[in-house]
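Engineer: Single-letter residue listing:
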Amino acid sequence: MLHKGGSRRFAASRGRRRACTLPELVISLAIMMAGLLAIQSLMIRQSRQVSRLEQWCQTQPTFYVVHQSDAWMRALGAPAALETQAGQAAWTPPVTGPYKYSVTLLSFTRPYDSGQMSANVAMEVH
Amino acid sequence: MRTVSPQHTKGFTLLELLVVSILMIGLALMTAQMWRYFSAQAADLTQRTGAAQELRLVLESLSDDMGSVVWATPTASGGLMIQRKAPGGQSDVVIEYALQQGRLTRADGTTGITVPVAENVSGFVADDVTPSILRVTVSITVGGTARQATLYWSRA
Numbered sequence: 033m034l035h036k037g038g039s040r041r042f043a044a045s046r047g048r049r050r051a052c053t054l055p056e057l058v059i060s061l062a063i064m065m066a067g068l069l070a071i072q073s074l075m076i077r078q079s080r081q082v083s084r085l086e087q088w089c090q091t092q093p094t095f096y097v098v099h100q101s102d103a104w105m106r107a108l109g110a111p112a113a114l115e116t117q118a119g120q121a122a123w124t125p126p127v128t129g130p131y132k133y134s135v136t137l138l139s140f141t142r143p144y145d146s147g148q149m150s151a152n153v154a155m156e157v158h
Numbered sequence: 013m014r015t016v017s018p019q020h021t022k023g024f025t026l027l028e029l030l031v032v033s034i035l036m037i038g039l040a041l042m043t044a045q046m047w048r049y050f051s052a053q054a055a056d057l058t059q060r061t062g063a064a065q066e067l068r069l070v071l072e073s074l075s076d077d078m079g080s081v082v083w084a085t086p087t088a089s090g091g092l093m094i095q096r097k098a099p100g101g102q103s104d105v106v107i108e109y110a111l112q113q114g115r116l117t118r119a120d121g122t123t124g125i126t127v128p129v130a131e132n133v134s135g136f137v138a139d140d141v142t143p144s145i146l147r148v149t150v151s152i153t154v155g156g157t158a159r160q161a162t163l164y165w166s167r168a
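The listed protein sequences correspond, in order, to chains A and B.
Heads up: the first sequence begins at 33 in the working numbering, then just goes up one per residue.
Heads up: the second sequence begins at 13 in the working numbering, then just goes up one per residue.
Careful: at least some of the hints might be erroneous.
[As the list claims (entries may be wrong)] Not close to chain B: a few residues of chain A, all C-beta gaps over 10 Å, as computed:
hint : residue
1    : LEU57
2    : SER60
3    : ALA112
4    : ASN152
[Stated by the list, open to error] Far from chain A, some chain B residues (derived; all Cβ distances over 10 Å):
hint : residue
5    : LEU35
6    : MET36
7    : ILE37
8    : LEU57
9    : ARG60
10   : ALA64
11   : LEU71
12   : VAL106
13   : GLU108
14   : ALA119
15   : SER134
16   : VAL137
17   : ASP139
18   : PRO143
19   : THR162
20   : SER166
[Stated by the list, open to error] DEER-style ranges, computed between Cβ atoms:
hint : chain 1 : residue 1 : chain 2 : residue 2 : range
21   : B       : GLN112    : A       : VAL82     : 45 to 55 Å
22   : A       : VAL82     : B       : ALA98     : 19 to 29 Å
23   : A       : SER101    : B       : THR126    : 25 to 35 Å
Since the hints were derived computationally from the structure, they do not count as laboratory data.
Note that this is a predicted model, so its numbers are computed, not measured.
Yeah, the Cβ is synthetic: ideal placement off N, Cα and C, and Gly gets one too.
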C-alpha cells in the first residue's frame, strides 16, 4: 500500500507540476510582445493621423477665386482656380484701396433669350 | 489504481479557473476601454469628414460656376447670383445659389432646374467687401462640428 500510495502521490505531483516549459514560456512571451508591439504601432499611427486630421479640420480656409481669363477655357467651362494666397493671377495688383464711385445694383432685367441686360443702379461719388 | 492518476490530472482546479477568470475580466475591461476610446474618436472623425465633404461639394460647385463667370452679385436674401458662359455655347446662363432650410441649392435660370448642392449648411452669405471684391462665406455644421470657408473674387 505504501508503494501504491507513494506512486499515486508521485503521479499526482507530476501531473500538477506539469506546466509549461521554459521554451514554451519564451515563445508565448515573444508572441505576446509581437502582438503588443503591433498594437502599439497601430495606435501611434492612428494617433498621428487623427491629430493631422484634426489640425486640418480646425483650419478655416480662405480661398481666392481666379476665374479663367482664356476665351477657350471659358468656352469649355473650365472651373476657376482656388488660390490660397492673394496676389496671384487676377489679384495683381491689389484690388483693394480707394475707389471713385460706389455703385449699388438696385434691380436688373435680363431675358434669357437675349444677350442684353438692363439694370437700375445707384451711383455715389466719393 | 492507475485509473485515478489520469482522472486527477485532467481538468482545471478551482484556483486555476479563478485566476483565468480574473485575467479574462481584466483583459475584457481593457478591451472595452480601448473600444470606447476608438469609437468616440471614430464618431468625431466621421462628423469632421462629413463637414469637410459637404464643404468640398460647395467649393467645387462654386469653382465650376465661377470659372467662366461674367458677373456675380449678392442677392437680397444673402444668396449669390452668377452669370456665366454656358459650356460650349455662346449664350450666358444665370445661376442662383440660395440657402433653404440647411440645404444649399443651385438654380439654373435657363433650364429652371434646382438641385441641392450640399446638406447641413448652417450659413451661406455673399456680400461685397468693396465694389470690386465679392466675398462668399460658407459654414457647415455636422453634429457638433463646424467648418467654415471664405471665398474672395475680384471683379477687376
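Engineer: Confirm or reject each hint.
Structural biologist: Here is how each hint holds up against the structure:
no.	hint	result
1	LEU57	holds, 16 Å
2	SER60	holds, 14 Å
3	ALA112	violated, 4 Å
4	ASN152	holds, 13 Å
5	LEU35	holds, 13 Å
6	MET36	holds, 15 Å
7	ILE37	holds, 18 Å
8	LEU57	violated, 6 Å
9	ARG60	violated, 4 Å
10	ALA64	violated, 6 Å
11	LEU71	violated, 7 Å
12	VAL106	violated, 7 Å
13	GLU108	holds, 13 Å
14	ALA119	holds, 13 Å
15	SER134	holds, 14 Å
16	VAL137	holds, 14 Å
17	ASP139	holds, 12 Å
18	PRO143	violated, 6 Å
19	THR162	violated, 5 Å
20	SER166	violated, 5 Å
21	B:GLN112 / A:VAL82: 45 to 55 Å	violated, 34 Å
22	A:VAL82 / B:ALA98: 19 to 29 Å	violated, 44 Å
23	A:SER101 / B:THR126: 25 to 35 Å	holds, 30 Å
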